[in-house]
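Participant: Chain by chain, the residues run as shown.
There are 2 protein chains.
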Amino acid sequence: MNNSKPVRPELREKVLRAVEETGFQPNAIARSLVSKETRIIGVMIPDISNNFYSNLLYGIDSVISEFDYSMFLAISDEAVEKERKYLRLFKEKQLDGIILSSIHFLEGHSQTLHEIEVPVVVTGHDLHGYQIPTVNVNNVQAAYDATAYLIGLGHRRIACISGPLWDPPCGLDRMGGYRKAMRAHGLPIPEGFVAEGDFTAKSAYEAAKRIFEEQERPTAIFVATDLMAVGVLNFLHDEGIRVPDDVSVMGFDNLEIASLTRPMLTTVHNDPYMYGRAAGEQLLKQLRGETVERMSTVPHDLVIRQSVKALV
Amino acid sequence: MNNSKPVRPELREKVLRAVEETGFQPNAIARSLVSKETRIIGVMIPDISNNFYSNLLYGIDSVISEFDYSMFLAISDEAVEKERKYLRLFKEKQLDGIILSSIHFLEGHSQTLHEIEVPVVVTGHDLHGYQIPTVNVNNVQAAYDATAYLIGLGHRRIACISGPLWDPPCGLDRMGGYRKAMRAHGLPIPEGFVAEGDFTAKSAYEAAKRIFEEQERPTAIFVATDLMAVGVLNFLHDEGIRVPDDVSVMGFDNLEIASLTRPMLTTVHNDPYMYGRAAGEQLLKQLRGETVERMSTVPHDLVIRQSVKALV
Chain W
1 MNNSKPVRPE LREKVLRAVE ETGFQPNAIA RSLVSKETRI IGVMIPDISN
51 NFYSNLLYGI DSVISEFDYS MFLAISDEAV EKERKYLRLF KEKQLDGIIL
101 SSIHFLEGHS QTLHEIEVPV VVTGHDLHGY QIPTVNVNNV QAAYDATAYL
151 IGLGHRRIAC ISGPLWDPPC GLDRMGGYRK AMRAHGLPIP EGFVAEGDFT
201 AKSAYEAAKR IFEEQERPTA IFVATDLMAV GVLNFLHDEG IRVPDDVSVM
251 GFDNLEIASL TRPMLTTVHN DPYMYGRAAG EQLLKQLRGE TVERMSTVPH
301 DLVIRQSVKA LV
Chain X
1 MNNSKPVRPE LREKVLRAVE ETGFQPNAIA RSLVSKETRI IGVMIPDISN
51 NFYSNLLYGI DSVISEFDYS MFLAISDEAV EKERKYLRLF KEKQLDGIIL
101 SSIHFLEGHS QTLHEIEVPV VVTGHDLHGY QIPTVNVNNV QAAYDATAYL
151 IGLGHRRIAC ISGPLWDPPC GLDRMGGYRK AMRAHGLPIP EGFVAEGDFT
201 AKSAYEAAKR IFEEQERPTA IFVATDLMAV GVLNFLHDEG IRVPDDVSVM
251 GFDNLEIASL TRPMLTTVHN DPYMYGRAAG EQLLKQLRGE TVERMSTVPH
301 DLVIRQSVKA LV
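Each protein sequence line maps, in turn, to chains W and X.
Going by the UniProt record's numbering, the first residue of the first sequence is number 1, and it counts up by one from there.
Going by the UniProt record's numbering, the first residue of the second sequence is number 1, and it counts up by one from there.
Note that these hints are calculated values from the structure, not bench results.
Don't take each hint at face value.
Treat identical chains as interchangeable: a pair holds within one or across any two.
Said to hold, decoys possible - Listed next, the in silico DMTMM-like pairs over lysine to aspartate or glutamate satisfying Cα-Cα at most 20 Å (straight line):
(1) Lys-202 / Glu-256
(2) Lys-309 / Glu-293
(3) Lys-82 / Glu-66
(4) Lys-85 / Asp-68
(5) Lys-36 / Glu-239
(6) Lys-82 / Asp-68
(7) Lys-85 / Glu-66
(8) Lys-202 / Glu-213
(9) Lys-180 / Asp-301
(10) Lys-309 / Glu-281
(11) Lys-36 / Glu-78
(12) Lys-91 / Asp-238
(13) Lys-85 / Asp-145
(14) Lys-209 / Glu-66
(15) Lys-209 / Glu-78
(16) Lys-91 / Glu-37
(17) Lys-180 / Glu-92
(18) Lys-36 / Glu-92
(19) Lys-180 / Asp-246
(20) Lys-202 / Asp-47
(21) Lys-91 / Asp-246
(22) Lys-91 / Asp-301
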């Protein structure tokens, strides 16, 4: 029953005999004791009320359910304690594989990850220093492309509202791509042009307010998530600043809401459903004993709608 | 190992002896064979990409995780075949309890539900003819209240876009509450004033277009879900019809998006997180052997924002 080795034949026989003698049909639990397969995948996400993660789950489920795997869902609420608890549970319940989207505890807790004896895939994070396969969009490149698109349309004064810096993909990476693009095109970044949101529309509303108190206003803003971009659109609407006539707004994620705003949001397509499918496929490959790449990159795209205008 | 009876002592002993002789620590699976507790709750929802259901899950998780129960997630995609498959799986995996939000198959498949031997709670549906506890908002009354509020503000020509009729809570019940309020106030419902959406913003956009082709336009529209109300707001925006100056719009659900639209949506507060918590609590009560009401009603409220105006 040690998860890392095949079941010893004598144990297998003993359990089967016990089941036989009592005349019961082996049920899923008894069977999994013997076959060592639960056909359950543990999935840990930080937040289920966030559309991004619910669509990630949908993608994972659509792949694994085809192969008759089911999902054990762990919601960590971004709490390190819960992350550790669920990893212990995953092990105890002898799940067949694990997909992790919530790994705050990583810093300094690499041991926990190294002790997992079943296949693991991590999504949304690049795990430097681990052998664990990851599935991720190239956030730096995508933010670079979004910013370069604004620059290509003639914008020079471009502000940026990033995700929180404790979230490397939406904070550091997307901010980093913006900075890289500005630098590559020889454009300065005024100090007041860069702000950090906390993923809520409200935080971006406030950040935009601060940015527009600057003496020189930006002609375009790159916002690291669509939900925060909605906060920016609302600030501009409430101030009577027209989008895109006065200011262009570029989002990131291409959530459903991006096509429901007026004007509709130009954004980066970063499909959590495809993330989920890719993660599910990487995990299934491992379960079949196939080798997988250490890092798979989910492609990104610009989705051109109505919130960005060329400067003439 | 038959779920309906205690484990027979001889089997219990045999399994424990097999485990002992081989020198292994009993793991969660071996332990659950003996204790008959998996501490896993099966939760079945139709659609995870819908914010309503992801927040329902969040509410359920917040209650059960406090008592060290975890969640086995089943996404049915509204497919009867998947619903049956997952119910079989729930049984096989010997989950301790079940919360169902997806029960399309119910008509004519009552046998399946009657065969479940663990505690069950159904959310979002009133299960007439079953003994299964349900958790639900009073959709008829809530829709009645929303419509009566519009009437109280002086509106007489009120249109309604309901959910699809195959979904009783959002289709029949919310439409029913609207009809009941109109009738109670002696107001006629012109034929073209009633339309059915399919939950998408797009379907409501199209429905609103048809309603506004009528010779006599409505002064207010009651829309059975917030997401569809966004579709209506967008149609009116694109036509240059002002909300609430020309037309009032009332939503239902109070999703996050209701406070992100411009104007912000006046709507019915119908909190899926609270649903989830109530369902989790009803299930925990059953697991502790306490009696539960057959039907619990989650309270609703009107949330007054900016999309509805009094007629003078």
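Participant: Each hint needs a verdict: does it hold in this structure or not?
Facilitator: Comparing the hints with the structure gives:
no., hint, in the structure
1, Lys-202 / Glu-256, "both (19 Å within a copy, 11 Å between copies)"
2, Lys-309 / Glu-293, "neither (40 Å within a copy, 58 Å between copies)"
3, Lys-82 / Glu-66, "between (29 Å within a copy, 11 Å between copies)"
4, Lys-85 / Asp-68, "between (26 Å within a copy, 10 Å between copies)"
5, Lys-36 / Glu-239, "neither (62 Å within a copy, 61 Å between copies)"
6, Lys-82 / Asp-68, "between (27 Å within a copy, 11 Å between copies)"
7, Lys-85 / Glu-66, "between (29 Å within a copy, 12 Å between copies)"
8, Lys-202 / Glu-213, "within (17 Å within a copy, 37 Å between copies)"
9, Lys-180 / Asp-301, "within (18 Å within a copy, 49 Å between copies)"
10, Lys-309 / Glu-281, "neither (39 Å within a copy, 52 Å between copies)"
11, Lys-36 / Glu-78, "neither (31 Å within a copy, 31 Å between copies)"
12, Lys-91 / Asp-238, "neither (51 Å within a copy, 54 Å between copies)"
13, Lys-85 / Asp-145, "neither (39 Å within a copy, 44 Å between copies)"
14, Lys-209 / Glu-66, "neither (48 Å within a copy, 40 Å between copies)"
15, Lys-209 / Glu-78, "neither (28 Å within a copy, 43 Å between copies)"
16, Lys-91 / Glu-37, "both (13 Å within a copy, 17 Å between copies)"
17, Lys-180 / Glu-92, "neither (45 Å within a copy, 54 Å between copies)"
18, Lys-36 / Glu-92, "both (12 Å within a copy, 15 Å between copies)"
19, Lys-180 / Asp-246, "neither (25 Å within a copy, 48 Å between copies)"
20, Lys-202 / Asp-47, "within (18 Å within a copy, 27 Å between copies)"
21, Lys-91 / Asp-246, "neither (55 Å within a copy, 60 Å between copies)"
22, Lys-91 / Asp-301, "neither (38 Å within a copy, 43 Å between copies)"
Against the hints set out earlier in the document, violations occur for numbers 2, 5, 10, 11, 12, 13, 14, 15, 17, 19, 21, 22.
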